[in-house]
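Protein sequence lines, in the order shown, are assigned to chains A and B.
Sequential numbering of the first sequence, starting at 297, is according to the working numbering.
Sequential numbering of the second sequence, starting at 209, is according to the working numbering.
Quick list of in silico lysine-lysine cross-link-like pairs, DSS-like style, CA-CA up to 30 Å:
1. B:Lys517 to A:Lys381
2. B:Lys517 to B:Lys293
3. A:Lys452 to B:Lys295
What the hints contain is simulated information worked out from the structure, not anything from laboratory work.
Computed from a predicted model, the values in this text were never measured in an experiment.
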Amino acid sequence: MKSHPFLLSCMFVAVTGALTPVSLSEQQVSFTAGLSGTWNIEWMGVLNRVYFIQWSVDLLQWNYLPVIEADEGDKGFGAVSSSDKFFIRLHYADIDPEDPAYLGPENSDFDKDGMSNLFEVMNGFNPFVADLTADPDGDGLNNVHEQTAGTNPNAKDNPAVKLSVVVTGD
Amino acid sequence: MIGTDCYRLGEILLQPIPLTPMFQRILCTLLISHGLLAAQQAPATSSQVQPVDEPLPLLDTGIPGLIADGTPAMPAPLPEPLQFKVKRTLTSRRQVTEAPEIIGLPAVKGTINVTVQLVEDPGLPDPPPPLITPPMEESAVADGMAELSEPGPDFQLIFVSATVYDHARTYVRCGFGTGEEIAGWSNIDFNHFCGVGTYQVKGSDGILRQYSLMMAIGDEYTDGTSDELTPAPTLPVLATSGPAFVITEGDTTDKESMDMFQGMHDLYRVEGARMAAACQAREVAYEARKTYLLANPPVPKDVTIQFWKRETPSPAGMNALTKGAKP
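Extracted from the complex, chain B is given alone in its bound form (with noise of 0.2 Å):
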C-alpha cells in the first residue's frame, strides 16, 4: 500500500522557495513519468465520449479505510530520553530564520540558544545488522524478483497527472508507470481524489480491481485569478449528472487503461460524496490550522546537540564504508 498518495506540491515543499504554478508543473514532472504542461494543452480531438451512464455493478466498489480529512495524524512515540554524562558543554545564541509551517505565512524567526555537549559513550547497543540481500544470480531470487515485479490481475499502481480547472472540470492523464498513458477530461474536480490512497473497482466483468494511486495536481482558474497566465482551454461538454469523462490521447482499445479510468469514475460514484467532504474537511482544517498559526506564531526552539566518540565504530557503519570501498 502507498502511504502518501496525494502530492498537493503547493503545501509539502520547504520554504523559501516560491512556488509558482510553472515551478509545481515542473515538480509534478518530476514525480511523474511525463509533462503536467502538455497535460494543459486543450484536445485535439475528441476520439471518444463516454459518458457513464449505466449503472455498474458497484458492488465492492470502493475506498477501504478513512479518507484523509485533515485530521492530524498520532505523533510518532518519541525515543526514551537517554541520560548522558556531560564532558563539556558550548552554549552560543543564534539567529534563526524557519521557513513557515504553511506556505504564504510568515518565516519563523528568533534567537535560540544552540548548547553542544561532548558526553561520554552511552554504549547504546547497535541496531541489527541489515538483512543480506540474497544474491540475483540465484534463480530462485530471479524468479521470485519477477513474481514482485509483474503487477497482478487484482493490482496495480496508477499514476495520475491531474490539472483542475475552476474546479468543474479536470484533465488527466494516467498510466501503469510503462509509458504508456491515457488522458482525457473529467467533470470531477479531482482535488477530491486527494487523501486517497487505495481504492477498488468491481468492473462490469465482475472482477475486482484495486488500485493505488500516486497523483501530481494542480489547479487552474480561467478567470485569472491563478498566479499564472494560463490559456483557457476548450472545456468539453460532458454528463452533469453523474461523473462522466471523454477520452482525448491514447489507446482507447486497451482495456486495462479504459478499466483504469473508467473505474475511477466509478469509484467516484460510489464514493463522491465521502470524497468531497473529506477535501471539503481537509479545505476547513488548512484553514483553521492557518488561522491559529497567524494568531500564535511558532517560535524556534533552542537545541541541543550532544555527541560522543564511540568506543568502537557502529558495525552498520562499517558495513556501508566496506561496501563503498575505493576502487
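Looking at chain A on its own, in the form it has when it is part of the complex (with noise of 0.2 Å):
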C-alpha cells in the first residue's frame, strides 16, 4: 500500500536547551494539508523562546531545516516532500534574554562549539551537539574553520592557501 505523500507524517514538540518543563497543553502546533501535496505547520510562538524544525524520513535521524524563529506571533511554513514517509517536529528552547550569552537566536551558540545557531542550521548541523572539530567535507578544514575562512563546510570549497617560503643562510 502506497499511502498518500505526508499521510504517515506526525509532529510533536521536543524540548531541549535551557530546559523547562512543558506541559501539554502548551503544545500549539498544527498540521493541516495544503493544495498540490504540500502540508503547513503552524504554531503560535511564545516569548523568549527560540524554535527550530526538525525533519526524518525514518523516524530515527532527525535533522534540521536550515531556518530559526523566535518569540511571539504566528509562524507559518509549508512543506512538501517526495517521500511518502516524512516527518516533521518543532525543536524549541527557551532564552533569558538578560543573559550576556544570548546573541540572539541566530548568533547565539547554544551548543558553545564556537558556530552560531544559523551556520549549523544553514549547513545541516546540530545546533544542540558540540561538532566543532568534525569535518564532513573532509577537507582538512574544520567546521570552525569553515566558518571562520566562510567557505562550505560541506564542500571542498577551501580558498587557495599561498605558500611563503623563506630560504636564508649562506
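Mind docking these for me? Both chains are given alone in their own frames, and the hints should help you get the complex.
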C-alpha cells in the first residue's frame, strides 16, 4: 500500500536547551493539508523561545531545516516531499534574554561549539551538539575553521592557500 | 459504503513488527469489540444446528459490483508538480532501511540522497475552510444525528471475527457493534469473504437487506503448520452440500442476528463461486507480486524536501490552533 505523501507524517514538540518543563497544553502546533500535496505547519510563538524545525524520513535520524524562528507571533511554514514517509517536529529552547551569552536566535551558540545557531542549521549541523571538530567534507578544515573562512563545510571549496617559503643562509 | 472491509492483518501492517498469530489476534481484538481468543474456543454446547438446506428466495441476493481479485487499484492522480524558486539546497547521503512491501521479504536497504531545499513561498491558495459544525444544541441537528445513528431496517454494518481452520471450517463471531454477539461454526472458508465490502440478501420475509462487512480474519491449521500451537478444536458435523452453520453462542431468538448469520450463508450460496474465484485470484496475484519483488528487489528512492516560510500562516492551521487554545 502506498500512502498519500505525508500521510504518515507526524508532528510533536520536543524540549531541549534551557530546559523548562512544558505541559501538554502548551503544545500548540498544527499540521494541515495544503493544496497540491503540500502541508502547512503553524504554531503560536512564545516570548523568549527559539524554535527549530526538524525533519526525518525514518524517525531515527533527525536533521534541522535551515531556519530559525523566535518569540511571539503566528509562525507558518509550508512543505512538500517526494517521499511517502516524511516527518516533521518542532524543537525549541527557552532562553534568558538577560543572559549576556544570548546574542539573538541566530547569532547565539547554544551548544557553545564556536559555531552560531544559524551557521549550524544552514549547513545541516545540530545546534545542540558540539560538533566543531567535525569535517564533513573531508577537506582538512573543521567546521569552525570553515565558518571563520566563510567556506562551505559540506564542500571542498577551500580558499587558495598562499605558501611562502623563505630561504636564508649562505 | 465501507471502503476497506477485510483486514488480513499479516498483509497490511508495516514491518518490522513480527506478526505472530498471537499478535494478529491482539490486533483483531483492537479492531473489533471482542477478543478473538475467545472466538477460538471450541463450542461448549451446540444450542442450535441449522443446516441451510431449504432453497431460499435468492432473487436480488448478491454482491453489487466487483470483488477484489488482487488487480492493483488505479493509482491516485499525482498533483501537478510545483515550481519553486530555490534559495538554498542541502544534500546529504544516508543509509535507509524500509519495510518490505510483503512480509517475509527482505527489507529494502540502500543509500539515498536526501535533498532539502529552502524555497520561496509559492503563494499557493489556501484550501477552502472546513465546514462549520452546527451546534448540537439545536434540536434539528440532534434529531438528524439521532436519525443517522439509527440503523435502517434495510442496511446494517456488521462486525465479524473469523478464525478459519484448515480452510474448511470457520468459527465466526459477529454482531452489530452493540455488544450483543452471536457466534458459531460455519463450513464456509471465510477467506472468501475478504474483498467483499457490501452485499445484499433477500430474506425469507421478502425484505432486501444490505450489509456492510467489517471483518478481522485469521487462519489456523490443526496439523501444526501454524506458527502458534493451537489446540485443535472439536469441529462440528456440518452439512457438506452447501453452506451450513451451527450457532454455539448468543441469543438464537434474536431475529436480526439470525438473519445476519443466515444471510452470509445465503449470500455464499449465490456468490460463493465468484467469491472463491476472487480469493484464488488474490492468492495468485499475491504470489506473482512476491515472485516479482524477489526477482526485482526494490531500492529506496532519493528524497527531495522543499519547504518555505509562509507569508501568512494558513487559516486552517491557525483555526486548528485556536480550537486547541490554552486553558
